[in-house]
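Novice: Chains as they are written, first to last, in the numbering used here: chain A, 1 to 81; chain B, 82 to 327; chain C, 328 to 684.
Keep in mind that the hints were calculated from the coordinates and are not lab data. Take the hints with a grain of salt, since some may be wrong.
A few chain A residues that don't get close to chain B, going by computed Cβ distances all over 10 Å [unchecked claim]: (1) E10; (2) D25; (3) D31; (4) T32; (5) Q43; (6) A44; (7) R45; (8) D47.
For lysine to any residue, the following SDA-like pairs were computed, each having C-alpha atoms within a straight-line distance of at most 20 Å [what the hints assert, rightly or not]: (9) C:K453 - C:E414; (10) B:K280 - C:A528; (11) B:K84 - A:E8; (12) B:K263 - A:P23; (13) C:K579 - C:E605; (14) B:K84 - A:V19; (15) C:K593 - C:Y572; (16) C:K679 - C:D597; (17) B:K261 - A:C52; (18) B:K84 - A:V6.
Covered stretches of chain B (in silico footprint by chain C; criterion: 3 or more residues with CB under 8 Å from a CB of chain C, positions within the stretch not fixed) [to be verified]: (19) 119–128; (20) 138–148; (21) 163–175.
Everything numeric in this text was worked out from a predicted model, so none of it was measured. All C-beta atoms in this analysis are idealised placements derived from N, C-alpha and C, irrespective of residue type, glycine included.
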Amino acid sequence: MALKHVIETERCKGCGLCVDVCPKDVLEISDTVSAKGYFPAVQARPDDCIHCTLCCVMCPDVAITITGSEEKTAEKTMEEK
Amino acid sequence: MGKTFSKPEALTDAHTHYCPGCTHGIVHRLVAEVIDELGIRENTVGIAPVGCAVMAYNYFDCDFQEAAHGRAPAMATGIKRVRPDLMAFTYQGDGDLASIGMGEIVHAANRGEKFTTIFINNAIYGMTGGQMAPTTMPGQRATTAPAGRDVEATGMPIRMCELLSTLATPGYISRQTVLKPKYVNKAKKAIKKAFEYQKENRCYSFVEIVSTCPTNWGMTPLDSLKWAEDTLLPYYPLGEFKTPEE
Amino acid sequence: MAKVLMKGNEAIGEAAIRAGCKNYFAYPITPQSEVAEYLAKRMPEVDGVFLQGESEVAVGYMIFGAAACGERVMTTSSSPGVSLMSEAISYIAGARCPAVFVNIMRGGPGLGGILPSQADYFQATKGGGHGDYRLLVMAPEGVQEAVDMTMKAFDLAEKYRGPVMIMGDGLIGQMMEPVEFPEDFTPTPMNNDDWATSGMATRGTDKRNLVKSLFLDPKQLNDHNLLLKAGYDRMRQEEVRYEGYNTDAEYKLLIVSYGTMSRVCKTAIDTMKEEGLEIGMVRPQTLFPFPEQAIHDAAAKESCSHVVSIELSMGQMVEDVDRCVKGQRPVTWYGECGGDIPTPEEIIDHVKSLLKN
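Build out the structure end to end from the sequences listed, making use of the hints.
Specialist: And the structure:
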């Protein structure tokens, strides 16, 4: 699995919408204040993340991105051609 | 298993000034995603309102104009009439659109101007600090309705989709929300459909988004989502109120 | 080109098209609805845009939206309508967009009347809207000048990137006079690439343009106002236009008057000249920038003992005239504003009464 879930701490305002919506309870609000003065969201249990993007969809500040290449199964590459 | 997710190209890298949990940010992203997907960024002119989203122009990477309070639909009319090849969208709040700008929005829709309106209904004035809006609910507190909105004195909240749908001129009128991921995805489909109607030069398109204002509602971001769902959605039902096909 | 007999309102509409303005938004209001009626027929003939807005407020912002795209655009209205557009005019000045406004004035205040008036002088020259902006204001005395000034207005609006106003009293719009349109007039192309929201693709760039007037940072807003002021100062240097009438003679009294009122004064001056009584007049063609030096110098003439500002109002331009004369001579106002125009005889009587005492 080459997908990488990234929270840009300086963009996060600690609103908690992502924490609430995560189906796997991966996220939490950190107790260390960020440079902007917010308590940002962090991956408390990163291994449970299934990269479903629900947190990204609910984030008002585009603070969460999921990068990397999705693992391509054989027929998928056929499809994409 | 899983998907990638990244910032749409039509959004700048600027950090927004919106309050934590304010759903403006989500709607900005949806509009930007649609602009990317339709490949119209270099041909689009956005019109910012007066209100929290006045500085939307800092967050969209396309030509932008900044309207006077309530007048964005008239500016968009000016744009589309002299440059029908340009894509134009107004992004307006409930004070901007349903209060001072009511004349402009009704007539732009009635003329069937070929631009798209994104209407943020959060039942309060945000930028100016929590005053009552035309969409404020009965009994809902606001700084200019300290004891809660008195409908005897100020009338009932205005439902813009229903109101605009009575116009005989064809148009696309839809009310959505972004309170939950499933709603966000539906809202995006509606926004995309609205921009597609514009791209096909088909009709005026209007998407109302029931939104939150944690700061001025005096609630946490999460409680705001819940309150909006429990209180706003019953009064502002979601759905497509009008499509040009009818 | 042959002269054609035309109503002022229609001539103004035609002048816009000849100047390369193919976009007109307006709202009906007496005494200038004929401009809209004329252009409703004419604009389609030249693939132009004609749209009647739902109010002058909306029209003001249709003008702003179109102008911000870098397109030539005009509207015409009358006094109460211009009041409604004054917020938009302030925004257009603040956002630095070229646009042409025409005010065919009617009596005020309030609903006032529908007959000619010049009572919007303050509104036009001292800022009808909010903030430190100025409007370049030109005041034609007849239909031909209305045409010439309207055509010139587009170049000036683009030169200064701001709103320009043509201000005529109701007669300018309603009367018919022979008028000539320049045959070989080719409108100068607009220079809007670097600022207008014309679409990034149109400009072939990845740099977006932003047309706005909000500057929350006080220093930025002050700098922005200094930038606007520099334009207005430049107008004062380069755009003052006026006509001296009988100002070579040793006149006993100097009249300052503009528009239709000044034409009546010319008749009065000619009549008095035949009787051996020399009267001079300075006729401002631009109300802003105001011909300050010309009026100051004309008042300083040895023979001149009195200056009178004759206006179709309760005396507005008289304040500027007084400011320019700087106490060299007594400055008074004469005029009326109900819609009747003082006759040459009434002006002659008044001038003589002033000279008697």
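Novice: Hints first: check each against the structure and report whether it holds.
Specialist: Consistency of the hints with the structure:
1. Against chain B, the non-interface label of E10 (chain A) is violated: not every CB pair exceeds 10 Å, the least being about 7 Å.
2. Interface exclusion of D25 (chain A) from chain B stands, the closest Cβ pair being 15 Å apart, more than 10 Å.
3. A cut-off of 10 Å between C-beta atoms confirms that D31 (chain A) is not in contact with chain B; the least separation is 16 Å.
4. The Cβ of T32 (chain A) lies farther than 10 Å from every Cβ of chain B, with a closest approach of about 17 Å, so its non-interface assignment holds.
5. Every beta carbon of chain B lies more than 10 Å from that of Q43 (chain A), the smallest distance being close to 14 Å; the non-interface claim holds.
6. Once the 10 Å rule is applied to beta carbons, A44 (chain A) is consistent with being away from chain B; the minimum gap is 17 Å.
7. No beta-carbon of chain B is positioned within 10 Å of the beta-carbon of R45 (chain A); the least distance is around 15 Å.
8. The claim that D47 (chain A) lies off the interface holds: its Cβ sits roughly 13 Å from the closest Cβ of chain B, which is beyond the 10 Å cut-off.
9. Distance restraint check for K453 (chain C) and E414 (chain C): the Cα-Cα separation of roughly 14 Å lies within the 20 Å cut-off, and the hinted pair is therefore satisfied.
10. At roughly 16 Å between alpha-carbon atoms, K280 (chain B) and A528 (chain C) fall within 20 Å of each other, so this suggested pair holds.
11. Annotation: proposed proximity of K84 (chain B) to E8 (chain A) holds, straight-line Cα distance about 18 Å (limit 20 Å).
12. About 13 Å separates the Cα atoms of K263 (chain B) and P23 (chain A), which keeps this hinted pair within 20 Å; it holds.
13. Note on K579 (chain C) and E605 (chain C): the hinted pairing holds, with a Cα-Cα distance of about 6 Å set against a maximum of 20 Å.
14. At roughly 18 Å between alpha-carbon atoms, K84 (chain B) and V19 (chain A) fall within 20 Å of each other, so this suggested pair holds.
15. With a C-alpha separation of about 7 Å, the suggested pairing of K593 (chain C) with Y572 (chain C) holds against the 20 Å cut-off.
16. Restraint check: the Cα-Cα separation between K679 (chain C) and D597 (chain C) comes to about 14 Å, which is no more than 20 Å; the hinted pair holds.
17. This hinted pair checks out: K261 (chain B) and C52 (chain A) have alpha carbons roughly 14 Å apart, not beyond 20 Å.
18. Simply put, K84 (chain B) and V6 (chain A) have alpha-carbon atoms about 13 Å apart, close enough for the 20 Å limit, and the pair holds.
19. Given a C-beta distance limit of less than 8 Å, the hint that chain C covers the region 119–128 of chain B holds, as 6 residues qualify and 3 suffice.
20. With 8 residues having a Cβ less than 8 Å from any Cβ of chain C, the region 138–148 of chain B passes the three-residue criterion, so the hint holds.
21. Coverage of the region 163–175 of chain B by chain C holds in this model, with 4 residues showing a Cβ closer than 8 Å to a Cβ of that chain against a need of three.
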